[in-house]
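Make a model of the complete structure from these sequences and hints.
Chains as they are written, first to last, in the numbering used here: chain A, -6 to 320; chain B, 169 to 431.
It should be emphasised that the hints constitute simulated quantities derived from the structure, not laboratory data. Idealized CB from N, CA, C, for every residue including glycine. Some hints could be false.
As the list claims (entries may be wrong) - Simulated restraints on C-beta separations:
| hint | chain 1 | residue 1 | chain 2 | residue 2 | range |
| --- | --- | --- | --- | --- | --- |
| 1 | A | N152 | B | D372 | 19 to 29 Å |
| 2 | A | I144 | B | D187 | 36 to 46 Å |
| 3 | B | G223 | A | G(-5) | 36 to 46 Å |
| 4 | A | P302 | B | M408 | 46 to 56 Å |
| 5 | A | E260 | B | E285 | 21 to 31 Å |
| 6 | B | D405 | A | L290 | 52 to 62 Å |
| 7 | B | T375 | A | F221 | 51 to 61 Å |
As the list claims (entries may be wrong) - Using 16 Å as the maximum straight-line C-alpha spacing, the simulated EDC-like pairs for lysine to aspartate or glutamate come out as follows:
| hint | chain 1 | residue 1 | chain 2 | residue 2 |
| --- | --- | --- | --- | --- |
| 8 | A | K268 | A | E278 |
| 9 | A | K257 | A | E86 |
| 10 | B | K318 | B | D263 |
| 11 | A | K285 | A | E247 |
| 12 | A | K151 | B | E350 |
| 13 | B | K351 | A | D146 |
| 14 | B | K300 | A | E86 |
| 15 | B | K173 | B | E326 |
| 16 | B | K292 | A | D133 |
| 17 | B | K295 | A | D130 |
| 18 | B | K295 | A | E131 |
| 19 | B | K295 | A | E93 |
| 20 | B | K318 | B | D372 |
| 21 | A | K7 | A | D162 |
| 22 | B | K295 | A | D133 |
The residues making up each chain are set out below.
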Amino acid sequence: MGNKLISMQEAVSKYTWDGMTFAHGGGLPVGSDCTEFFREMVRQGVKDINSISHCSCQGINLLAAVGGISRIEVGFSGLEVYGFANGLRRAVESGQTILEDYSNGSMPLRILAGALGIPFMPSYISVGSDQEWCSADEPDVYPNTKKIPVIQDPFTGKNVGALSAVVPDLAVIHVTMADVNGNAIILGTEWSRFELSRAAKKVVLQADYIVDTDCMRQYPNLVRIPDFLVDAVVYAPMGVWPACSTGCYDSDEEHFYYMNKMLKTEEGTQEYLEKYVNSYKTSEELVDVIGKEKVDLISKSDTAFLMDPYRKWIKTDAEIKELMGGR
Amino acid sequence: MDYTKNEMMAIATGREFKDGELAILGVGLSMLAGYFAKKNHAPNMNPFTEGGVYGSTPVGGLPWGIEDNRISTNATSFTNGIDALCMLVASAKVDNAVIGCAQVDKYGNVNTTGIWEDGQQPWKVGKYTLPKTRLNGSGGANDIAIGAKKYMIMAQHEKRRFLERVDYISSPGYLDGGNAREKYCFPGGGPAAIITNLGILRPDPVTKEFILDAYFSFSSVEEIIENTGWDLKVSPDVKMVPEPTAEELANLRAVDETGSLRK
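Right, dumping it as structure tokens:
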């Protein structure tokens, strides 16, 4: 299997390209997602992304705000209690980003169909509504019959919707713990990460902790993503910030609002990029950008006890540096 | 007694949850109404969120999102979206739920996707034009709408939100009314009530058009008709919803510890 640890810079330059179909996971907007991978995509200027996920997140909000997303298929495009995602909203309202609406249930089913290698998933979700009748890819046709065709159940003759399969070029998946080979444990709901890891052509993990493989041998039932599925592992402490990573840190309420406010305008976005995206390179520097006090505060999470069983296997930053061997 | 319209709305919604029900809750008002019910009169209700967070209650304030650490900290099970939304919700195993809306129409169809200039709506012009204002999309509400045994719609009662026909159907209610849902074989029962800051609307059993069922002590039939964008019919049995009891208010405020409903 081998050691798959690489830097964030290398992961983005090696596994992304302009025009690709990119999937990410993935809790809901306030849950854990690969925010740091998105920030690195913005730093490297990746564009024309076709984005796949059940849900938007601050990473999508940021990449859309800089014009990096040309098309998005998603079930929820907001930020929950934090409001509408201003960067994405601006891109959609201006016509820069095409948004194809599904639901939080129909997107994972489409990814599952991709994972199973079948062309579609029959379901009652998303049909009989404008999610079926409106297609951003074919705006001149209403009601649309190609996006989610209603077909006949061959057993009963009754109507059922056909949700098309998706096979992303790449899935970047946030996990709480990974070993260097790519075995991973997720704390909190896994949302669509299980099926995503089986559907995508390539899989990159963004992990809060790198742990010894003995940890995986102790809890094999919890390892829902085994190593052979994974192409690369990136160590990214605080990499979900400003959203929360269950067991590690809470969401940064103040910054969540601030970031969304800044992404509302082009000028605000430029200022935000200078301060919070282009101002650092390493995860040590990210801690300075967030502020040591803030990091300590949000790390005092009520969920921190969830990490207790695993702590003895956590690799230190020095050990990880050695494992990276200058990569 | 001193309480706000939003507190009355949350208590009226909470009263619709029965003990022992399996219920899916969303962020904000939905969670407040659901956890109020669990604390007040439905201790054996089983609430969960759409990503598959089971057995938990919010800690440290109202969660910022449904997979926020504030709801994950005392969970007894974490699973995934296909489990929660597809295996439990879309398959009609869930007893009760609450969804929100930007617009709702007389057949309980809900729009949370976008607001169009009047006359530019896709169903009017026959093409999918861009909305004037892009909203959040359906999230898991579409899954609840097609699959939950029953669910409630919570809304601020304003004429611009209560329409003859919503701009965009994000989550289907009774579509064109009657048994229109049958064409799509939706396993769920459809919306049981629209609960607002002014009163409660329920569907006519045959036509499925929502009619006025009840008003609050601080509202009236006239005020509700005035704030509804379609020609609202009034039930012959229209009545006043009992005011919150002191115990109900205390239980609601214990759940709404940041006082979001009092603002």
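Is K295/B within 16 Å of D133/A, Cα to Cα?
holds, 5 Å
What's the verdict on K285/A and E247/A, does the C-alpha distance respect the 16 Å limit or exceed it?
holds, 15 Å
Pair hint outcome, K268/A versus E278/A [Cα-Cα no greater than 16 Å]:
holds, 12 Å
So if I understand the rule, the pair passes when the alpha-carbon distance is 16 Å or less; does K151/A with E350/B pass?
holds, 10 Å
Run the distance test for K292/B versus D133/A: straight-line Cα separation, threshold 16 Å.
Roughly 13 Å separates the two Cα atoms, so the pair holds.
K300/B and E86/A: Cα distance at most 16 Å?
Holds, at about 7 Å.
Can you tell me whether the CB distance of I144/A to D187/B sits inside 36 to 46 Å?
At roughly 41 Å between Cβ atoms, D187/B and I144/A fall inside 36 to 46 Å, so the hint holds.
Is it true that the C-beta distance of D405/B to L290/A lies inside 52 to 62 Å, as the hint says?
holds, 54 Å
Can you tell me whether the CB distance of G223/B to G(-5)/A sits inside 36 to 46 Å?
holds, 39 Å
Looking only at beta-carbon atoms, does the pair T375/B, F221/A fall within the given range of 51 to 61 Å?
holds, 57 Å
Is the straight-line distance between the alpha-carbon of K318/B and that of D263/B 16 Å or less?
OK: K318/B and D263/B at ~6 Å, within 16 Å.
Agreement of K295/B and E131/A with the hint, judged by alpha carbon distance not exceeding 16 Å
Given that 16 Å is the threshold and the Cα spacing comes to 9 Å, the pair holds.
Hint violations for this structure: none, all hints satisfied.
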